[in-house]
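**Student:** Residue numbers (my numbering), protein chains in the order written: chain A, 245 to 538; chain B, 245 to 538; chain C, 4 to 202; chain D, 4 to 202; chain E, 95 to 483; chain F, 95 to 483; chain G, 28 to 118; chain H, 28 to 118.
By construction, these hints were calculated from the structure, which means they are not laboratory data. On a predicted model such as this, the values are computed, not experimentally measured, just so you know. Don't take every hint at face value.
Derived DSS-like pairs: lysine-lysine, alpha-carbon spacing no greater than 27 Å straight-line [said to hold, decoys possible]:
no., chain 1, residue 1, chain 2, residue 2
1, B, K314, F, K304
2, F, K349, D, K71
3, E, K418, F, K451
4, E, K428, E, K399
5, A, K314, E, K428
6, F, K304, E, K425
7, F, K349, F, K418
8, F, K399, E, K453
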Amino acid sequence: MATKNNNVPEHPMERLLRMDRIPHIWCPTCGIGTAVSCFISAIDKFKHPHEKIAVVSGIGCTGRVAGYIKLDSFHTTHGRAIPFATGLKLANPDLKVVVFSGDGDLISIGGNHFIHAARRNTDITVVCVNNFIYAMTGGQCAPTTPLTANSSTTPYGNHERPFNLPLLASSCGAVYVARWTSLHIRRLTNSMHEALNKPGFSFVEVVAPCSTLYARRNRLGTGLDLLKFYHDSSEICHGADPTELDIAFQDKIKVGKFIDRERPTFIDAWNDNMKKKFGDKFDPYGEKKAKKAA
Amino acid sequence: MATKNNNVPEHPMERLLRMDRIPHIWCPTCGIGTAVSCFISAIDKFKHPHEKIAVVSGIGCTGRVAGYIKLDSFHTTHGRAIPFATGLKLANPDLKVVVFSGDGDLISIGGNHFIHAARRNTDITVVCVNNFIYAMTGGQCAPTTPLTANSSTTPYGNHERPFNLPLLASSCGAVYVARWTSLHIRRLTNSMHEALNKPGFSFVEVVAPCSTLYARRNRLGTGLDLLKFYHDSSEICHGADPTELDIAFQDKIKVGKFIDRERPTFIDAWNDNMKKKFGDKFDPYGEKKAKKAA
Amino acid sequence: MSRTEIRVTGYGGQGVILCGYLIGKSAAIHGGMHATLNQSFGPEARGSACSAQVIVSDEKILYPYMRKPDVMIAMSREAYNKFAPELGGKGIMLVDEDLVKEAKAEKNMKLYKIPATRIAEDLGRRIVLNIVMLGFFTAITKLIDHDAVRKTVETSVPKGTEQLNLKAFDSGYEFGIKQLESESKPKKKSTKKKKEVAA
Amino acid sequence: MSRTEIRVTGYGGQGVILCGYLIGKSAAIHGGMHATLNQSFGPEARGSACSAQVIVSDEKILYPYMRKPDVMIAMSREAYNKFAPELGGKGIMLVDEDLVKEAKAEKNMKLYKIPATRIAEDLGRRIVLNIVMLGFFTAITKLIDHDAVRKTVETSVPKGTEQLNLKAFDSGYEFGIKQLESESKPKKKSTKKKKEVAA
Amino acid sequence: MKTDPKGVLTGEHYLDGDHACAEGALAAGCRFFAGYPITPSTEVAERFCSRIPLVGGIFIQMEDELGSMAAVVGASWSGKKSMTVTSGPGFSLMMENIGLAAMMETPCVVVNVQRGGPSTGLPTMVGQADMMQARWGSHGDYEIIALSPASPQESFDYTIFAFNFAEKYRVPVMVMMDECVGHMTEKVVIPPAGKIDVAYRTMTTLSPDKYLPYVPEKNLVPDMMPVGEGYNIHSTGLTHDERGYPVMSPDAQDKIVNRLVDKINKNADDIIMIEEEDTEDADIIVMAYGITSRVTMPAIFEARKKGLKVGFIKLITVWPFPEKRIKQLAKTAKAFVMPEINLGQVVLELERIVAGKTKVYHVPHAGGWVHDPADIYKAIEEAANGNKK
Amino acid sequence: MKTDPKGVLTGEHYLDGDHACAEGALAAGCRFFAGYPITPSTEVAERFCSRIPLVGGIFIQMEDELGSMAAVVGASWSGKKSMTVTSGPGFSLMMENIGLAAMMETPCVVVNVQRGGPSTGLPTMVGQADMMQARWGSHGDYEIIALSPASPQESFDYTIFAFNFAEKYRVPVMVMMDECVGHMTEKVVIPPAGKIDVAYRTMTTLSPDKYLPYVPEKNLVPDMMPVGEGYNIHSTGLTHDERGYPVMSPDAQDKIVNRLVDKINKNADDIIMIEEEDTEDADIIVMAYGITSRVTMPAIFEARKKGLKVGFIKLITVWPFPEKRIKQLAKTAKAFVMPEINLGQVVLELERIVAGKTKVYHVPHAGGWVHDPADIYKAIEEAANGNKK
Amino acid sequence: MQFWRKPLDADKIKVPHGEIHIVRDRCKGCGFCVEYCPKDVLVLSEEFNTKGYHPPEAVKADDCVHCQLCEMLCPEFAIFVTLKDEESVEA
Amino acid sequence: MQFWRKPLDADKIKVPHGEIHIVRDRCKGCGFCVEYCPKDVLVLSEEFNTKGYHPPEAVKADDCVHCQLCEMLCPEFAIFVTLKDEESVEA
Ligand SMILES: Cc1ncc(C[n+]2csc(CCOP(=O)(O)OP(=O)(O)O)c2C)c(N)n1
Ligand SMILES: Cc1ncc(C[n+]2csc(CCOP(=O)(O)OP(=O)(O)O)c2C)c(N)n1
Ligand code: SF4
Ligand code: SF4
Ligand code: SF4
Ligand code: SF4
Ligand code: SF4
Ligand code: SF4
Ligand SMILES: [Mg+2]
Ligand SMILES: [Mg+2]
């Protein structure tokens, strides 16, 4: 449990944290905590009743995020955060549902759900902490691990080309796509806020340090050293062509907002379609309830 | 069993068909048979010993292809043709492994394997018969079903945007990407042949009629009517920007070869990497065996 | 009444399954009997003869599959060739006389023919061939009460097509009645109490 | 000899697990004994005290986990605070005297201190602290034959670091022997046959 | 409670088992369906999706069965009665998230229209060989409830029961149909909405600051709360305490896993439904479920005609197994005969329970068709003669 | 046959159970590994991938467990001994393709390092609650082989046995390890290559035009053929005939499914390995497997000290279960005592087999830790006193 | 768009003649070959085959240019063409 | 690239002052706050907290411009800043 100094007021984020679970499990200089700070700030700005926001995580170090945020929150199975969130959202369209999870969880084992949710434009916001590694299980190669980087399952260097996540998201139809590092706290917070406000499938990639496994195994120092590296190597390229956003080992990281476009969400498309088919016989799904609540 | 007219010589494709299983199960005017004809012609041209070619299918009408081709052939589980093929290929690099399956099998339930195999540049050729539907199970909506089209699970018209398959393949890293309709028999055969010859992950989409389910439910006539429609509506756009290749219901179909590029295959990358690490201590995987065979 | 097993068969698109469905539904919903319908599924069935099996009984139906049909309706040559042997020379065979030219009666098997397609075409829609057959079946077998079947047709077909379908049903039924009349006496193998009541 | 349970603990990066591993390996491979090593895993262990448990016995080890340590090696204050109570005031406690300043002996618990980090730093690599501790452990407990442990160090460390590590081991060992000599007589709770043989 | 009339298609219908299942779900108040097509279950999805727009609910065809099951769990937490439908291969894929549903204590219904297995097997033909999988298919210890209908009418009825049990016990309930029932069309009577009893999860009456999501209440089942109303609950597939927080300890494990199992086993009397016929003084008791319970009857009639005293037990609830009742009957009956369309699954549990007190004759069938009643009759006869190995 | 020396790290090592498993696989000739990381099994993959480049083979980390299992089946058909490694959640995901392996009769090894379940459960702590899943986790009827090691040395040894059984019977073999064994480091003696017996699948001696891939040969197992050599075989997960062609009929189903089951059950005597100690004249027989077989011993010693006649059976092979031997012992022993780190799984089979001839005392443990031997001792004492319900 | 009627390479090479072989009982009468034969060589016959379909027949067999479109398009492997007296080509 | 040192909006608005609060025992001494404070207000203290880390201390507390970078960057929710006497701003 957190021991507090006397007469220090409450940390403003505590309102949205499960303080009875702090300290969290993340290692010193891990970047996940910073991503959570930004997320809490974004939620704070977000003009949606907080009780109507739900957070869903899969399994992983990042997957523990749902366990620390004081909103309705679900820690599901590895790779299935997105379909769980899909159910949560579709069954109660009043909710704003955020998936907060790791690169392995969302893009490796969960890759199929990721591409299909983007395709359908399921109305959820996906925040992916990309630490280039499967951290929770001890540092195995992820589908984001840069070429040549070391991991416990690429002890001689990674020979598999990683995904460019903004490209993947955008090719599949995401309506909002951004990438920041965990150093870009303000811009990251803004992007999270924009994503929350965007109807449809929005995606925010957060490049963040895994100090214990990725950094140590690749002799990159601590999380602070990685932040310094991000400082020196990231380049803001709003609107960049998604095909140009690959990340090579310890090389430039292009960040920015890449995609912001309009497409009907899954529920909107359903409603439009049924309305056309059935006319007044059809009660638009989700809408009535919202009215009732109002 | 096939009843033959007297004194007719053997059909030249019979050499590569399991004649004891002909007639096949496909409906009259189904396009899968034509795709198989083209494939057999491509194999015929392909200068790889035929006994070293293996065909892997998942489950579906198209998934039955493996059962008709007289090569080592495997009819696996729904969605898992690509990882099965990956094992087959990696464990015996002398093989040329072809995955021949349907859009639902490869892109819906099998979507995750598709994107990761493309990313890794696994050395397999993937032929996808896109009939815009899950045919085998009776005509449900596929992730390729055009917007507004009817299916048994979109009885009021499809409201989910379909994938643009060449875009998906190319974003994930496929080295060869082409699309043809089953009417483009020569070009399709050529593309299949090029794909077979291309080291790495090559992808050929074949738009083909499902007369019984897709065509009937959408009142599009027979397979022949669909061929006529392809004739009128397809447009050859070699090298087109993959983002421009969406297919709308009964609208233009852009076909052509879109991607043809070089990237090291999974095994090449593995070997290069280990060679760098271990020098002469390392016997390149797969190569020795090939030499031995030679 | 004990169990009567009916096979309806033809090629895809002829409304074979619907015909079976209507027989079953007539018996079960408006005929006060038990009726279990089964169809052949499966990839091997693609594009070839399709068929529905209806079991009708006034007791609860336990064994759900057909064992040996008592009545067969054949609407295509291929289907006839494939399934006719099942009758084993016993029971009732109803065919479209134009589509199944080779059909012929055997020792204990009674054959009834109707130019159902032609009748349907005369009504303007070849597609109601199955309903013509249904009427014919109703008349010949007397298995299910005429009114029950007619009502089922009326309430089961798409809105707007009721008249056409009823006409098709009536035509088939009348054709059947006439055929029976032109015979000395119906001597079907499986004549049962209920049928006599209906007769 | 019956079972001796050892806990090695400290913070991540100190080579805690390796130290435990070398104890176990020395006993099992070059010491002719049985030795089972366990470590704490799990997310809750991230960034906090880490620990290895070694059970050494000359009989087959059946119950695989530590029940109550006989010997503890503590290389950090946090680890000491967390685990020292396990000894329950009995057994042997070995600590780095600079890192675990608060360590003190209790009724039946014998405390041995060594400036292991400093010794390691003097050798030029702070990282060999764990090997210094291993030498110290070998000397103090006499649980495992000196030569067995030394050989294990020699054959287990990365190529090129053998000399450094052996020096670290020897320094720790000698420091321990001297400390023992400076005592009247070792009066460890769990003195056992094997240890006397080794002595 | 009575059901929401919007989903109820009151009247007499001629439906197959799959369609009847969809109607049962709608009548039970199911308003969320996530699924992936698979023969012979797809018709359930097809009917649901064509009916739901005007009933007020939603349908999503997911990319696979993994996603379907996960979506169902999520949707249930959002407060909607939720279901998915599949057959063997998809059922295998759902196992991990069925475990999640069990661990998070999520009310939901999974329908498995069984076909011949293993693997792709006989996609269009009947089987009953996923019965043990229904109980043991996910890793770890947990209990579920499984029902097995023998007709379209029962498919309708039992689907409602399934939702009721799911809601009452916060557990995934399996409707273990079989292809024969799923594809068989018979009369189905759907009662007026007012005549259909449905259960709803018990919602907490505590305020958010008092409520803990995993405190066992009635029947060892914790009350639920509405998501989106400020309860800020947390739920996880990890071993957790009453707050729903992960606790990595054998004690927490002992508590949660035992409760998951106990809430089913200790309420077995409420959950177990069987039909018995002439069992009290029977020498031989035939036990069956699903379509096999029908196919068995002609054999029993035949045997009775021959003067044998044959009783019959039909399992409506297959899991939990009616242990208590069978133990009683094992004292009086000379033998049990159990046909199943598998090589011996539920019969293993029967054997275990009778514990040698009476003989057990299994009548296996590898699938693709139902038993020939003559084979069952033969087994009854053998049982009567007592000639078992 | 002797193994290929390239993979054999002859000598005495101090290894944990996971690493020993990887060494066992390499020694057995495994040259293909496809896997997906999961605690507590990942170290097997890690060791394999660091060792394989110089041994001559390949490793691929797949995108998920579904892909891993499918790749293993594919690789085995290409002629390489193949394996994957996982824990509960991943094991659940592998079930569909384990069924494919069984149906296609593919030699392969699946290692499950069991942790606490259900669902995510206790990822870093011990469990034995996937034992029934190993047998019943995929849909349809099939049989597999499951072994359970109790130490790193056994992890090494049994992994070799697993490959040998896989090759001999063309079946997926499960090594049902547990976290405690996986993460425990002890001495492992790896013999010289010449001392390691390994089995290889029997390859057909027939030419391509004579060969049919599913004709049962020795032990009901069909011979295999090399892919890539012109045999042009077809293999499918559908019900198939001896040519490997799909045949949708109850007869084909009967034939194939019964053979899949028979080839294991009828060769049970060859497959079943148990260790017995003082069972012949025992009043009480304790049965255990995996880590529990060790934890049990102190309790047995204690009981013997007290004068009780306690025998011990350790299951090396858990599935198939040693039915025949237990039936014999059930005649003489007064009771069986079975501790498992689950709420009662393999003990159900034990109960079924003894069929009331003797009493069976289960000692459950929900997981997260091993039993306290005192609890096992208590059960032995109870058994001795005969006071069961 | 006419390119399919005239295969791309049709006018580049010297036109050979083909001999058409029809496996009548394998045909399902889809009409692909008839529709896309660039020389309108084929028509669907009046008679049924044993499966009940109308297989094609070559009504202008001499016009066949051995383009093999019919062979490739046929989904039933029911029609193929062999090269006939290549000498007489030169069209 | 200096943009992170000076938050984009730093010179647009009137510079306020912040009061820095450090939850010492929650800190894991990562140094993020120290490194990225644009005003170099913070240094890591010499003392350990109860966890054994060196939490930051504000050595130039008066220079704090309430930019909240430290607050947002801190992965431990261990430091935050409140607005102090906004009147005195105007820098
Ligand atoms: C089905 C299944 N497979 C594997 C695992 C093991 N596992 C847990 S977390 C994880 C990877 C986490 O990586 P990532 O999503 O990048 O999160 P990070 O820990 O890096 O934040 C894996 C493989 C699991 N829990 N379930
Ligand atoms: C795990 C699993 N889920 C579902 C199915 C049912 N299934 C068989 S084929 C198929 C879809 C086939 O669609 P596609 O791949 O497009 O092939 P097509 O039949 O259209 O050629 C489905 C859903 C299955 N066999 N296995
Ligand atoms: S292991 Fe890496 S990602 Fe996980 S908490 Fe530690 S630093 Fe963060
Ligand atoms: S259902 Fe469609 S895809 Fe399948 S064989 Fe028939 S036409 Fe072809
Ligand atoms: S080969 Fe076929 S398509 Fe070409 S001209 Fe001859 S008949 Fe016509
Ligand atoms: S293309 Fe083939 S199947 Fe179609 S009509 Fe011609 S020969 Fe017959
Ligand atoms: S708010 Fe924090 S970072 Fe900003 S000036 Fe003040 S102390 Fe520095
Ligand atoms: S950023 Fe937070 S954890 Fe890091 S040093 Fe500053 S206060 Fe401590
Ligand atoms: Mg990660
Ligand atoms: Mg398709």
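**Student:** Hint check: K314 of chain B vs K304 of chain F, CA-CA at most 27 Å. Holds or violated?
**Tutor:** holds (15 Å)
**Student:** Within a Cα-Cα threshold of 27 Å, do K418 of chain E and K451 of chain F meet the stated pairing?
**Tutor:** Holds, at about 20 Å.
**Student:** Holds or violated: K349 of chain F and K418 of chain F, Cα atoms, limit 27 Å.
**Tutor:** Answer holds: K349 of chain F to K418 of chain F is near 25 Å, not above 27 Å.
**Student:** Do the alpha carbons of K428 of chain E and K399 of chain E lie within 27 Å of each other, as the hint requires?
**Tutor:** With a Cα-Cα distance of about 19 Å, the restraint between K428 of chain E and K399 of chain E holds, given a limit of 27 Å.
**Student:** Sort out whether K453 of chain E lies within 27 Å of K399 of chain F, counting only the CA atoms.
**Tutor:** Between K399 of chain F and K453 of chain E the Cα gap is close to 40 Å, so the pair fails against 27 Å, i.e. violated.
**Student:** Verify the proposed pairing of K349 of chain F with K71 of chain D, using a straight-line Cα cut of 27 Å.
**Tutor:** violated (58 Å)
**Student:** Need the status of pair K314 of chain A, K428 of chain E: alpha-carbon distance at most 27 Å?
**Tutor:** violated (61 Å)
**Student:** Are K304 of chain F and K425 of chain E close enough, with their CA atoms no more than 27 Å apart?
**Tutor:** violated (57 Å)
Comparing the model with each earlier hint shows violations of hints 2, 5, 6 and 8; every other hint is respected.
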